[in-house]
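Residue numbers (this note's numbering), protein chains in the order written: chain A, 47 to 298; chain B, 7 to 337.
No lab work stands behind these hints, which were simulated from the structure alone.
For glycine and all other residues, C-beta sits at the position ideal for the given N, C-alpha and C.
Accuracy of the hints is not assured; some may be wrong.
[Unchecked claim] Where chain B lies over chain A, by a calculated footprint (3+ residues, C-beta under 8 angstroms):
#, segment
1, 91-104
2, 111-125
3, 193-202
[Unchecked claim] Derived BS3-like pairs: lysine-lysine, alpha-carbon spacing no greater than 30 angstroms straight-line:
#, chain 1, residue 1, chain 2, residue 2
4, A, Lys163, A, Lys175
5, B, Lys199, B, Lys302
6, A, Lys178, B, Lys38
7, A, Lys175, B, Lys175
8, A, Lys50, A, Lys178
9, A, Lys178, A, Lys163
[Unchecked claim] Label-pair distances were calculated between CB atoms; the ranges are:
#, chain 1, residue 1, chain 2, residue 2, range
10, B, Lys291, A, Tyr293, 56 to 66 angstroms
11, A, Trp265, B, Thr334, 44 to 54 angstroms
12, B, Pro133, A, Asp255, 40 to 50 angstroms
13, B, Gln37, A, Glu203, 47 to 57 angstroms
14, A, Thr297, B, Leu319, 44 to 54 angstroms
15, A, Glu124, B, Arg160, 47 to 57 angstroms
16, B, Arg193, A, Glu203, 53 to 63 angstroms
17, A, Gly269, B, Pro263, 45 to 55 angstroms
18, B, Ala332, A, Trp265, 55 to 65 angstroms
19, B, Arg193, A, Asp255, 22 to 32 angstroms
20, B, Gly164, A, Gln117, 48 to 58 angstroms
21, A, Asp255, B, Leu319, 16 to 26 angstroms
22, B, Leu319, A, Ser165, 24 to 34 angstroms
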Amino acid sequence: MVDKKSLFNYLLRLGDDQQILSQRLGEWCGHAPTLEEDLALANIALDLLGQARSLYTYAGEVEGLGRDEDQLAFLRYENDYVNALIVERPNGDFAHTITRQFFYSVFMDLLWNGLLKSSDETIRAIAAKAVKEVDYHVRHSAEWVIRLGQGTAESRERMVDALDEFAIYTGELFEMDALATEMAEAGVGVDLAALRPQWEAEVNNILTDAGLEMPKVNWMQTGGRSGEHTEHLGHILAELQYMQRTYPGMTW
Amino acid sequence: MYSQGLIGADGSTVEDEAFLEAFQKRIDAEQKIEPNDPMPEGYRRTLIRQISQHAHSEIVGMLPEGNWITRAPTLRRKAALLAKVQDEGGHGLYLYSAAETLGVSREELTDQLLTGAAKYSSIFNYPALTWADIGAIGWLVDGAAIMNQIALCRCSYGPYSRAMIRICKEESFHQRQGYEILLTLCRGTDEQKQLAQEAINRIWWPALMMFGPHDSESTHSDQSMHWKIKRFSNDSLRDKFVNATVPQADYLGLKVPDPNLKWNEEKQGYDYSDIDWDEFWRVVKGDGICNRDRMKARRKAHREGAWVREAALAFAEKRAAAAEAAKTAAE
Ligand SMILES: [Fe+2]
Ligand SMILES: [Fe+2]
Ligand SMILES: [Fe+2]
C-alpha cells in the first residue's frame with residue numbers, strides 16, 4: 047500500500063514542474079522570433095498546462111482534503127512548491143528557452159515512458175496522453191538546437207552560452223531522494239538515476255549533430271524538490287497568484 | 007478589424023473600360039476571383055491593404071490578451087486564454103497567406119506594419135487592465151469582429167472569403183467564452199460585478215469604432231462595395247452589432263455606457279449616441295494610450311528575433327547545398 051502523503055507529494059513535484067514551465071512559456075506569447083514559433087511555444091505551454099491540471103486534480107483526490115487543481119496550483123507558499131530549479135529559470139533569449147526545453151523534454155520523454163508502467167492507474171493514464179505530447183516537444187526543441195548550433199556564428203555562440211547556463215540544473219532531475227526512492231520501490235515512480243545514461247546519450251547525439259558539446263559541470267545545483275528555490279520563483283508566483291491573492295475566495 | 011481594414015486603401019486603377027467591364031461582370035455574377043485570374047490593379051491593391059491590415063490586427067491583438075496569460079485566475083481560464091491567443095496567431099498566419107496569393111511577401115507586409123505604413127484595428131490600442139477586460143474583449147471585440155467577418159465570408163476574392171469562413175467559427179467560440187467570463191463575474195461578488203461594469207464602460211465605445219467611419223465619411227467604401235470586397239456598409243453592421251449586443255448586456259445586468267441608448271419601435275432597432283470621432287481619428291493616427299507600446303513590442307520581438315530567423319535561413323541554405331552536393335556526387 048502506497049503512503050498517501052508520499053504519493054501526494056510526488057504528484058505535486060510532477061505537477062509543479064509542468065505548471066511552472068508552462069508559465070514561463072506563456073511569457074513568450076506574442077513576442078516570439080516568428081509567428082510560427084509563437085504558435086509552437088503556446089502549443090507546448092498548453093500541453094504542459096493540461097498535464098499539470100490532471101496531476102493537481104489527482105493530487106487533490108489523493109490528499110482527500112477537498113483541495114482542487116486551483117487551490118494546489120495557486121494557493122501555496124513559495125517553499126511549498128517542489129518543482130526542479132531548471133523550469134523556473136528565466137526565458138532569456140530564444141537559445142536559452144530552447145535549451146531549457148530540450149534538456150527538460152528529453153528527460154520527461156524518458157520519465158513519461160517509464161510511468162506508462164506505473165502501478166498507479168491514474169498516473170498510467172496521464173502518462174499515456176503525455177508521451178504523445180512530449181514526443182513533439184523533444185522534436186521541436188532538438189530541431190532548433192541543431193538549427194541554432196549550425197546556423198550562424200551568432201546563433202552558435204548563443205547556444206554555447208545557453209548550454210553553459212542550463213547544464214548545472216540538469217543533475218537535479220535525476221536525484222533519488224527519500225521520496226523518489228520510496229515511489230520507485232512502490233512501483234509508482236521510476237528510478238530516475240537509471241534514466242541518466244540514456245538522457246546523456248540522446249542529448250549528446252543531438253548536440254553532436256548541432257556541432258555543440260555538453261559543457262563540463264563542476265557542481266549540479268539542487269534544492270527545488272525540498273522547496274529551496276532560486277530567486278526567480280517568487281516573481282513567477284507574484285504573477286501567477288495575483289488574482290487569487292487579490293480577490294480571495296471568488297469563483298472565476 | 008475589419009471595416010477599418012480599408013483605411014488607407016487606394017482603389018484607383020488604370021485598366022481600360024473593356025477590361026474593367028468584363029471584371030465587373032464576373033463580380034456581378036457572384037463569381038469568386040482566384041489568385042491567377044485577371045484583376046484590376048486597384049482591386050489587388052485594395053485587397054492587399056484590407057487583408058494585411060486584418061492580419062496585422064490579429065497579431066497586434068495578441069498583445070493585450072497575451073498580457074493576461076500569466077495572471078489568469080484559474081488553470082481552466084488560463085488554458086482557454088492561451089488557446090484563444092494562439093488561435094489569433096493562427097488567424098494572422100492564415101491571412102498573411104491569403105495576402106501572399108496577391109503577390110506580396112509576408113516580410114514586406116511585416117515591414118509595413120513595423121514602419122507604421124500599414125495600420126491595425128484601433129481597438130488594440132486600448133489597454134486590457136483587469137481580468138474582466140478579457141471577458142469584455144471576447145464578448146465585444148470578437149463579437150464586433152464576427153459581425154464584420156461574417157459579411158466578409160462572401161467577399162469576391164476567393165482566398166479571403168475562404169479564410170473568413172474558417173476564422174469565423176473560431177471567433178464565435180471566442181465570443182461565447184468571453185461572455186461566459188463576464189457571466190461568471192456578474193453572478194459573483196460585488197467587486198466582480200464592478201470589474202465587469204468597468205470593463206464594458208471602457209470597451210463599449212472602442213468596440214463600436216471597430217466598424218469604421220460613418221458611410222458618408224468612408225472614402226473607399228463605394229468602390230469596395232462595387233467590387234464586393236465589402237458587402238455591407240459600416241453603419242449597417244454597427245447597427246446590427248448594437249441590436250444584437252444590448253440584450254446580452256441586459257442579461258448580464260450591465261449598463262451600456264450611453265445615456266441616449268433607446269429602443270426605437272419604428273425602426274426596430276436601437277438609437278444610440280454618435281461616436282466620439284475625434285477620439286477615433288486620434289487613436290487611428292497613433293495617439294491612443296497603447297499605440298506606442300504596441301508598436302514597441304512588435305518591433306522588439308522582430309529585432310530580437312532577427313538572429314533566430316537568420317540562423318534558420320543559414321541552416322536551410324547549408325542543408326540545401328549539402329543535399330545538392332550529395333546528388334551531384336551520386337550522378
Ligand atoms: Fe479578428
Ligand atoms: Fe482572430
Ligand atoms: Fe478571436
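For each hint given before, does the structure comply? Return the numbers of the non-compliant ones in rising order. 5, 6, 10, 18, 19 and 22
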